[in-house]
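> I would like the entire structure built from these sequences, with the hints used as guidance.
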Amino acid sequence: MAPDRPNPDELLAVLKAEESQSKKGKLKVFFGYAAGVGKTYAMLETARHAKESGREVVIGYVEPHGRKETEALLDGLESLPTRPVEYRGVVLQEFDVDAALARHPDVLLVDELAHTNADGSRHAKRWQDIVDLLDAGINVWTTLNVQHIESLNDVIGQITGITVRETVPDNVFELADDLELVDIAPEELLERLREGKVYVPSQAERALESFFQKSNLTALRELSLRQTARRVHTEVESARRQRSANVPWATSDRLLVCVGPSPTTARVIRTARQMAAALDAPWVAVCVEKTGIATDPAAKQRVVDHLRLAERLGAETVTLTGNDVAETILDFARTLNVTKIFVGKTHAPRWRRVLWKSVVEDLLDTSGEIDVYVIQGQEERRQAEPVPRAARHIQWRDSLAAGGVVVAGSLLAAWLHDLHVAEANIVMIFLAAVAFVAFRFGRIPAIQASVASVLIFDLFFVPPQFSLTVHDTQYLFTFAVMLAIGILISTLTARLQTQLESGRQRERRTIALYRLGKQLGGLTGDIFLLGAAGQHVREMVGGEVAIYLKGDGGNLVVMFGEDTSITKHALSGPTAHWVMTHDQMAGKGTDTLPSAIALFFPLGGSQGPLGAMGVRTEGTDWLLHPEHRQWLESCASQLALALERDRMTVAVGDARVKAEAEQVRSTLLSSVSHDLKTPLAAIAGASGSLLQSDSPTEETRRELLETISDEANRLNRLLENILQISRLDSGAVTPNKQWHLLEDIVGSALHRTRDALEQHSVTVQIAPVIPMICVDGLLLEQALVNLLENAARHTPAGTRIEIKSTLDGASLVISVADDGPGLVSGSEEKIFDRYYRGTPGADSGRGSGLGLAICRAIVKLHGGTITAATRPDRGAEFVIRLPLGDTLPPMSVAHLTSSTG
Amino acid sequence: MADNDHRVLLIEDEEPIRRFLRAALAAKGYRVAEAATGEEGLRLAADQPPDLVILDLGLPGIDGQDVLRRLREWFRGPVLVLSARDQEQQKIEALDGGADDYVTKPFGVGELLARMRTALRHASPQAAEASVLSVGEIRIDLATRVVSRAGEPVHLTPLEYKLLVLLMQNAGKVLTHRFLLREVWGPHDTHETHYLRVFVATLRRKIERDPAQPRYLLTEQGVGYRFAAE
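Residue numbers (the numbering used here), protein chains in the order written: chain A, 1 to 901; chain B, 1001 to 1230.
Worth flagging that the hints you see were computed from the coordinates, not collected in a lab.
Virtual Cβ for every residue (Gly too), placed ideally from N, Cα, C.
Simulated restraints on C-beta separations:
1. A:K830 with B:E1152: 50 to 60 Å
2. B:E1039 with A:M648: 49 to 59 Å
3. A:S730 with B:E1039: 26 to 36 Å
4. A:A756 with B:R1121: 28 to 38 Å
5. B:H1188 with A:K830: 44 to 54 Å
6. B:T1037 with A:A756: 29 to 39 Å
Written out as C-alpha cells, the structure is:
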C-alpha cells in the first residue's frame, strides 16, 4: 500500500467535521492572463491587509517560485504544513486538504486552482479540494490563469499553439463570488520575464518562449478582460432582475449540441457551452446511436468521452437511437423546445457529398424554425487506441467463412456452366453468395466476397478464361452491381442488428426501471425496499451492489450487500459518506476518490441525503457509459424517493397518533379537573366547617362527616377509573387469562357492588351449559362491576336488575338488564365514549363518565363486543359477547377425586 | 374493649395515614407504635415485639416485601399488609410470604378493624383447638365429620370436606389459590387453579342458598378465597 493512501478513518472523521458546517464558504479568484502577472503577489498582499483588519487568514498552499518579494509577504502569515507525496522517485509537496478542513480557518489561501493533484490524493484536481473546502464553510482565495478555463481551452490552444492539459470546469470558475483581475501590460510582463522575475520551469523553457509572444499575450489579455467583463455584466443583470421582476427576460433559449465520434466534436461542445453561458441558457448534448458507427469500439469510446466532456461542462446528456440522424435530433429538439442546434462541420470527400447529403445538410434543410450553427471542428491529438485482438480474430474467421461461401458458389457455378446455363444466371449464383456473406458476416467480408466473386467470375467464366481481361464492357457493370449489393445488404443488416441490440438493451433497462418503481411502490420498510432495489440493480448490472443508509447517529450503515467485496474495502465507507454529503457520484471511474473499488451514487431525497449506493462491475467500461450511469442514478433516486415516501407515511401515522393522544389528553384534562375539584371542594368545605364550628349539633356533624366520606369515595372511584382507562389505553394491560367459572366472577362482582345495589333487587340466571371460560377474572369482574354500578346509578331505587348468561353458538353472552327508564334514544353508541354522561339530570355528576368506556376496553381486550339498547318493554340492556375458544381446561379425574393430604 | 391491651406496630411512610390510623386504633384501645421506614419498623419490632403488625407494601428504602421477609424470620404474630387495588401480584406475594391478610387502600376503618380482630383471633392458641366450626348457618363437627346447613346435613366428597374445613378454620381470612391447592392437593399442583375453581363452585352449590350471590364462600378476585367471618 502506498504510504500516501488516505487513511479511511481519518477521512471519515474529516468528512464528518465538514458535514457539520452547513454554511458555504466564499470563493475569491485572483484572475490573470499569464504566469507572472502577479496573482500570487496580489493575493498575499490582500491577505496581509485582511489579517491586519482582524480576519483569520491561513495559507493552505502557496508556490512562491523562489521570488523574494513573494516570500517576504509570506512572513507572519500562518501556513499549513504540506503533505509530502512521492511521485516517480521525486518527493512533491502537496496541499493537504484534510489538514485544512481540520484547521477550518476563516480564509484559506490555496494557489493555482487548476493544479492536478498527485496520485493517491482525495481528489484528482485541486478545484475539487476547493469545492470541498467551500462546502465546509471555509472561505477560499485562489489564483487562476485564463487559459485554464475549460471552455476557452481550445481557443487559446489555437492562438498560442500550446494546449493546456490542466483545466478548470467553467461552473467552478463561476462559483467565484469575487473575481479580482490582476492585470499588467504585456510589455511590462515581457520586461519582467527578461529580468528573470517570472518563474519558468526549465523543461518548458522552449515552449514558453513561443508562448510569451506579445501577440499571444495581447490576445490572452483580451480574453481575460472579456471574461471579467462578462461576469460583471451577469452580476448587473441578476441584480437588475432581482430589483424588478417585470423586466422582460428575453432569452428562453435552449441549446442542443450534436455529439458524434468525430474528434472535432470536442470543440463543438466547447463552443456550445460558451454560447449557453453567454445566453444563460440550458443546453443538452445529444448523441444518436446509428448503424456502423456504433459497432466500432474506438468510435464508441470517443462518443462516451465527448458525452462526459459535455457533462463536465454542465450539459444534460442524452443518447438517442434512430436511423436518420438529422430527423432523430430534430424530433428530440422539438419536444424539448430547443432554439439552437450546434453541429460540427463534416469532412467528407467531395464525391461523397455529391452522392449523399451529410447530416449537416439534412439538418439545415429540415430544421425549420430552429437555428443551426455549423462549427468548424478542430481535431484534438489523441493516442491511437489499439484495436482489441479478439475483434481482429473474429474478422479473420469471418473472412475465411466468406471465402468458403464464395468457393462453394464458384463450384456450383462451374457445374451450371458445364450444363451450359446462361452467364446471367451464373452471375446470380455469385450474387446470392455475396448477399449471403453480407447478411451473415458483415460489411468487410461482403466486400471481400464481392471482389473475390468478380475475380473468379472474370477468370473462369468470362472469355477469355484464366485472364483478367474483359472484352465485353457489360461485365464491368455486373461487377459494380455485385459490389454495390454486397455493401448495401451488409450495411442494412449491420444497421438492423445494432438497432435491434441497442433497442433491446434500452427496452430492458426501461422495463427494469419501471418494474423497480412498481415493486418499490408496493413495499414498506427500509429493509424490504433496499432488498428489492439492491437485488434489482445487481441483476441488471451483473456485478456487486452495496447500499449504505444514514443511521440515527448520522453514521452510515450497510443495509444491503454486507458480504460483498465493496463493503469489505476500506475506502468504500468514506466514499459512500462523501457521496452522501455532497450528493454527487464518486469512486471508481470518477475524479473523486478514484481508488475506491466501486462507483457510488447518492440516494438524495428531497429532504436531504439518505445514503449511497455502490456498484461494482467486472470492468469499469460498463459503468463509464453515461447512459448506464443515468440508469443507475434513476434507480438510486427511485429508491431514495421510495424510502422517503415510506418514512413520510410512518411520520404521518405517528403524527396522527400523537394528535389523537393529544386530543384525548385535553378532553381528559378539562373533564378531570372539574370532576376532581367538585369532591375536593366538598371535602375541604365540610371538614373546614367541622373544624370551625365550636359545638355543632350531632345532626350537622354527622351530615358533614357523611359528605366527607361520600366525596372521598367518589374521588377514589374517579381516580381508579382514570388510572384504569389510561392503563388500558396505553396497552400496558395484558390480560392474565385463566380458566374461570362465570358464576364465580358474577358472584364476586355482586359482592363488590353490594352497597351500591342495596336498594335494588338482583337476579342471576346462568345457563348450566356454560363451560369454564378463559378470561382475566379481575378485568371481567371490573367490567361487570361497572355495568352494575351504572345500572344502580341510573335507575331509581327498587328497580330490578337481571344478570343473564347464555350460549350463542361459539359466543358467551352476558347481559345486564334493568327495568329502569332506559337509554336516551340515539345514545346507544355514544355512552361508551369517554366522559359521555347518559342522563344530564341531577345524578349525572356522580359518575366518572369512564365506567362504560372501561367496560368496552376490557371486552375488546378479550376479543369481544359490548352493546347497549333500550329493551322493547322497559329499561336498558347491556350485552357482552365473548368468543369462546375451542379448547377446554385440562381436567384429570385424579385431581377431582383424590387428595394427597 | 377486650382488644385494648394489644400492641400494634404501624409501619407506614405516609404521615396522614399514620395520623388517622393512630386516632382510630387508639379510640379502640390499641397501643400503637409507629415507624415511617422499614428499618425503623424492624428495629421497633425487635425492641418490643408487638401483637400485630400493620405493614404498608410501598415503603421507601427497603421495600415492604423485604420487611415482611425479615420480620417472618422470627416474628410469629399476625401481619396485615396495606396495598393499592391494582397490585394483585404484590398481595399474593405478601400472603404467600407470610402475611395474614391485606387491606386495599383506600380502606374504611371498620374493614381494617374487622381484619385485625380476625387475625388476632386466629393467632390466639385456643381458636385452633375447637372441635366444632360454625359460621352463620354452616356448621362442621370435626369429630364426626358431619357438615350441616341450618341443621340439614350436607354431603361432601372428601376433597370438598377438606377444602371447607380449611376455609372455615381460617374464617375471615383470605387464603391464596396457591395455599389452598397446596393444602388440599399437595405441593405439586399449585398452578392448576381451575381445579380449585371447580371445587369452590360445587361446594357453593352445596352450602350456599344462592351460589351466584354467595354469602359465605367469597371470591377475592385474582387472589384467592375468603370464608365470611360472621
